[in-house]
Amino acid sequence: MSLMKIAGLVSGWALRKPATRLYPFVKRETYPHTRGHIEIDIGKCTFCTLCEKKCPADAIAVDRAAKTWSIDRLRCISCNACVEACPRKCLSMANTYSPAMLQHGIQTFAQNPAAPAEK
Amino acid sequence: MSTATETKPKRTIIPFGPQHPVLPEPIHLDLVLEDEKVVEVIPSIGFIHRGLEKLVEKKDFQEMTYVAERICGICSCIHGHSYCEAIENVMNVQVPERAKYLRVFWDELSRIHSHILWAGLFADSFGFESLFMHSWRIREKILDIVEETTGGRVIFGYCKIGGTRRDIANGRLKSIVTELKAIEKECHSITDVFEKDYSVKKRTKGIGMLSKDDAVKLGAVGPMVRASGIASDARKLGYAAYGNLTWELITESGCDCHARLMVRCREIYQAFDLAYQAADKMPDGPVEIKVTGNPTGEFAARLEQPRGEVIYYVKGNGTKNLVRFRVRTPTFANIPPLLKALEGCELPDVPVIVLTIDPCISCAER
Amino acid sequence: MTEQQLISTIQKTELPSKAAEMFKQGFRLVYVCCTPGDPLEITYSFDKDYQLFSFRIMVPRAEAVIPSITGSYFCALTYENEMQDLFGIKVENLAVDFKGNFYKLQVKTPYKDAGLAQPKADTGAQQK
Chain A
2 MSLMKIAGLV SGWALRKPAT RLYPFVKRET YPHTRGHIEI DIGKCTFCTL
52 CEKKCPADAI AVDRAAKTWS IDRLRCISCN ACVEACPRKC LSMANTYSPA
102 MLQHGIQTFA QNPAAPAEK
Chain B
2 MSTATETKPK RTIIPFGPQH PVLPEPIHLD LVLEDEKVVE VIPSIGFIHR
52 GLEKLVEKKD FQEMTYVAER ICGICSCIHG HSYCEAIENV MNVQVPERAK
102 YLRVFWDELS RIHSHILWAG LFADSFGFES LFMHSWRIRE KILDIVEETT
152 GGRVIFGYCK IGGTRRDIAN GRLKSIVTEL KAIEKECHSI TDVFEKDYSV
202 KKRTKGIGML SKDDAVKLGA VGPMVRASGI ASDARKLGYA AYGNLTWELI
252 TESGCDCHAR LMVRCREIYQ AFDLAYQAAD KMPDGPVEIK VTGNPTGEFA
302 ARLEQPRGEV IYYVKGNGTK NLVRFRVRTP TFANIPPLLK ALEGCELPDV
352 PVIVLTIDPC ISCAER
Chain C
30 MTEQQLISTI QKTELPSKAA EMFKQGFRLV YVCCTPGDPL EITYSFDKDY
80 QLFSFRIMVP RAEAVIPSIT GSYFCALTYE NEMQDLFGIK VENLAVDFKG
130 NFYKLQVKTP YKDAGLAQPK ADTGAQQK
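Each protein sequence line maps, in turn, to chains A, B and C.
Positions in the first sequence are counted from 1; adding 1 to them yields the working numbering.
Positions in the second sequence are counted from 1; adding 1 to them yields the working numbering.
Positions in the third sequence are counted from 1; adding 29 to them yields the working numbering.
These are computed hints drawn from the structure, not numbers from a lab.
Treat each hint with caution, since some may be false.
Which residues of chain B face chain A? A few of them, derived with a C-beta cut under 10 Å, are [claimed, not checked]:
no. : residue
1   : 68
2   : 148
3   : 153
4   : 154
5   : 166
6   : 167
7   : 191
8   : 193
Taking lysine to aspartate or glutamate and the EDC-like style, the derived pairs with C-alpha atoms no more than 16 Å apart in a straight line are [stated by the list, open to error]:
no. : chain 1 : residue 1 : chain 2 : residue 2
9   : B       : 142       : B       : 185
10  : B       : 11        : B       : 37
11  : B       : 206       : B       : 257
12  : B       : 59        : A       : 59
13  : A       : 54        : B       : 61
14  : C       : 53        : B       : 215
15  : B       : 237       : C       : 78
16  : C       : 141       : C       : 92
17  : C       : 133       : B       : 31
18  : A       : 28        : B       : 145
19  : B       : 59        : C       : 142
20  : A       : 55        : B       : 61
21  : A       : 6         : B       : 198
22  : A       : 6         : B       : 187
23  : A       : 6         : B       : 196
24  : B       : 55        : C       : 142
25  : A       : 6         : B       : 193
26  : B       : 142       : A       : 30
27  : C       : 133       : B       : 26
28  : B       : 9         : B       : 35
29  : B       : 218       : C       : 50
30  : A       : 6         : B       : 130
31  : C       : 53        : B       : 214
32  : B       : 291       : A       : 85
33  : C       : 141       : B       : 58
Ideal Cβ positions, reconstructed from N, Cα and C, are used throughout, including at glycine.
The following block holds chain A by itself, in its conformation from the complex (with noise of 0.2 Å):
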């Protein structure tokens, strides 16, 4: 009878573990490739301002003079842009989703080594 159809498929459920997740006690594995948030090795950067012309969606200032790049992380789509369009190869794409924050900052990375790396 075709009742039993959706009946075999529920029941068959019963007996197993669940296949929904416990969030946030166990959370989900990204995949290496998987597009999180934007990180950069200040160090090898020149900035030649090229990744604040590509972004579409003007999530990054860089300032020359100051030699800092900021990124405001909850413009930022993920798109990966940025890191097709550096030269220098100093902006990487990692694989976990930027948390969530209390207040809405701006990440600013430094060069300068007097100045703290990290606001």
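We have chain A already, so just place chains B and C on it with the hints.
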């Protein structure tokens, strides 16, 4: 019909939407009812209008790829592909063969996930929640394959002007095909229920009739028109690698909600078959070609999204900003057939009929 | 896909009769596109057997009034109402005229001034 003593039944207007549990995105329909039977529908849209067509003034044509992909979350893959096809035709760019087959592969995966998503929502619209949950459980496996190969679960982001941004190694492609075959076997467990279950048939057969003539006159596209017996599919134009693959159009003659359900269920298996063919015939070679210069000229690219035929019209004048970027999505074209299919139905059938056009309102309003 | 796409420019008064002719020959209306500029270019595209044919009318911006084709193609009502709401074009003899209420927008006719201003060399609003 009416004599001096007969009175016409009183009309009530009930608003459907913009917030409704069954709608994935907000649309507003004013239903004019005569005692639980719908006689007229007055639509109004604009809740998700973001003015994306005007963004061409600020973003250059390379950045518009990212905007085009983000017009919609469910059909994001083919939006990006359509934009790239339109610009490549304007600029006369010959995409490498491997990129064409990769695009077909990812497009078909996107069609599978979109149809399974719709099947789950459709089951939810007549209250069959366990079928909804199982459909979406199977869909997660497709999204895992997509995330591993492209980097994004929802926004695939694989297409760029001149080819694709990522490649799949041949060895991995073979193991993905094996995984897809296992998923296809699991899909039978839910499509069998849709096809044969007594309660599904009771809620969908004979509901939302759209005759063959009406489907043509009102400009229906996609599974709406194929379920009314008309064989029309934009993939027959032969874009990307579709000209080299063998496949048949799927049509049904029922003209009702059950026929549209069956068209989409059978298209899931056809999409699996097309993905296997594309993986099998994929040639070796580069996946992108360098593109320089600015677009001059105009072209209207027509592709087949899961919901129907989408048109991307671009016009450039030699500068890096386009003059016009117009998207006509299948849901927008399916609004007049929806108004016709809703006439004469009962109030509880309204969510079922609204869902059978597969409404993707964020596409329709851009 | 390099299909030939034929576009022919006609006068706006010929539009309803051309649309009726296409309907009799079995074409379906694919879409209507309005390109801002001066004059406005409105393109009506029809399809039969996967071949696309388009008619284009030029309408001066100051006096944007066009006849409707809903007499032959009822489905054109969504496109023409959308043009009224977004571009501020007036369409005459519409079968169902929403009079500006089809698109619920906060700013009326947002695309009316599109295509006139030069695109700014804008690197976007960045918070420093």
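Tested hints:
1. With its C-beta approaching chain A no nearer than about 7 Å, residue 68 of chain B sits inside the 10 Å limit, and its interface hint holds.
2. The criterion of a C-beta within 10 Å of any C-beta in chain A is met by residue 148 of chain B, whose closest approach is roughly 6 Å, and the hint holds.
3. Restraint check, residue 153 of chain B versus chain A: the minimum CB separation of about 5 Å is within 10 Å; hint holds.
4. Interface hint status for residue 154 of chain B: upheld, as the beta-carbon distance to the closest one in chain A is roughly 8 Å, under 10 Å.
5. For the restraint placing residue 166 of chain B at the interface with chain A, the shortest Cβ-Cβ distance is roughly 7 Å, inside the 10 Å limit, so the hint holds.
6. The criterion of a C-beta within 10 Å of any C-beta in chain A is met by residue 167 of chain B, whose closest approach is roughly 7 Å, and the hint holds.
7. With its C-beta approaching chain A no nearer than about 8 Å, residue 191 of chain B sits inside the 10 Å limit, and its interface hint holds.
8. Satisfaction of the interface hint for residue 193 of chain B is found here, the shortest Cβ-Cβ separation to chain A being roughly 5 Å, below the 10 Å cut-off.
9. A distance of roughly 11 Å separates the Cα atoms of residue 142 of chain B and residue 185 of chain B; the hinted pair therefore holds under the 16 Å criterion.
10. Restraint check for residue 11 of chain B and residue 37 of chain B: satisfied, since their Cα atoms lie roughly 11 Å apart, inside the 16 Å limit.
11. In summary, the hint linking residue 206 of chain B to residue 257 of chain B is supported, as the alpha carbons are separated by about 6 Å, within the 16 Å threshold.
12. For the hint pairing residue 59 of chain B with residue 59 of chain A, the CA-to-CA distance comes to about 11 Å; that is within 16 Å, so the pair holds.
13. Proposed proximity of residue 54 of chain A and residue 61 of chain B is supported: the alpha carbons are some 11 Å apart, at most 16 Å.
14. The suggested pairing of residue 53 of chain C with residue 215 of chain B holds, with an alpha-carbon distance near 15 Å, which does not exceed 16 Å.
15. Only pairs whose Cα atoms come within 16 Å are accepted, and residue 237 of chain B paired with residue 78 of chain C is accepted, the gap being roughly 10 Å.
16. At most 16 Å may separate the alpha-carbon atoms for a hinted pair to count; residue 141 of chain C and residue 92 of chain C meet this at roughly 13 Å.
17. Using a Cα cut-off of 16 Å, the hinted pair residue 133 of chain C and residue 31 of chain B holds, with the two alpha carbons roughly 14 Å apart.
18. Simply put, residue 28 of chain A and residue 145 of chain B have alpha-carbon atoms about 15 Å apart, close enough for the 16 Å limit, and the pair holds.
19. At most 16 Å may separate the alpha-carbon atoms for a hinted pair to count; residue 59 of chain B and residue 142 of chain C meet this at roughly 14 Å.
20. For a cut-off of 16 Å, the pair hint linking residue 55 of chain A to residue 61 of chain B stands: about 10 Å separates their Cα positions.
21. With a C-alpha separation of about 8 Å, the suggested pairing of residue 6 of chain A with residue 198 of chain B holds against the 16 Å cut-off.
22. A C-alpha spacing of about 13 Å is found between residue 6 of chain A and residue 187 of chain B, which places the hinted pair at or below 16 Å, so the restraint holds.
23. For the hint linking residue 6 of chain A to residue 196 of chain B, the alpha-carbon distance of about 11 Å falls within 16 Å, and the restraint holds.
24. For the proposed pair residue 55 of chain B and residue 142 of chain C, the alpha carbon gap of about 10 Å is at most 16 Å, so the pair holds.
25. Of the supplied pair hints, the one linking residue 6 of chain A and residue 193 of chain B holds, its CA atoms being roughly 8 Å apart against a limit of 16 Å.
26. The straight-line distance between the Cα atoms of residue 142 of chain B and residue 30 of chain A is roughly 14 Å, inside the 16 Å bound, and the hint therefore holds.
27. Taking the CA atoms of residue 133 of chain C and residue 26 of chain B, the gap is about 15 Å. The hint holds against a cut of 16 Å.
28. Of the pairs offered as hints, the one joining residue 9 of chain B and residue 35 of chain B holds, with about 9 Å between alpha carbons and a cut-off of 16 Å not exceeded.
29. Simply put, residue 218 of chain B and residue 50 of chain C have alpha-carbon atoms about 14 Å apart, close enough for the 16 Å limit, and the pair holds.
30. This hinted pair checks out: residue 6 of chain A and residue 130 of chain B have alpha carbons roughly 15 Å apart, not beyond 16 Å.
31. Proximity of residue 53 of chain C to residue 214 of chain B is assessed by CA-CA distance (about 13 Å); at most 16 Å being required, the pair is judged to hold.
32. With a CA separation close to 13 Å, the supplied pair residue 291 of chain B and residue 85 of chain A stays within the 16 Å bound.
33. For the hint pairing residue 141 of chain C with residue 58 of chain B, the CA-to-CA distance comes to about 14 Å; that is within 16 Å, so the pair holds.
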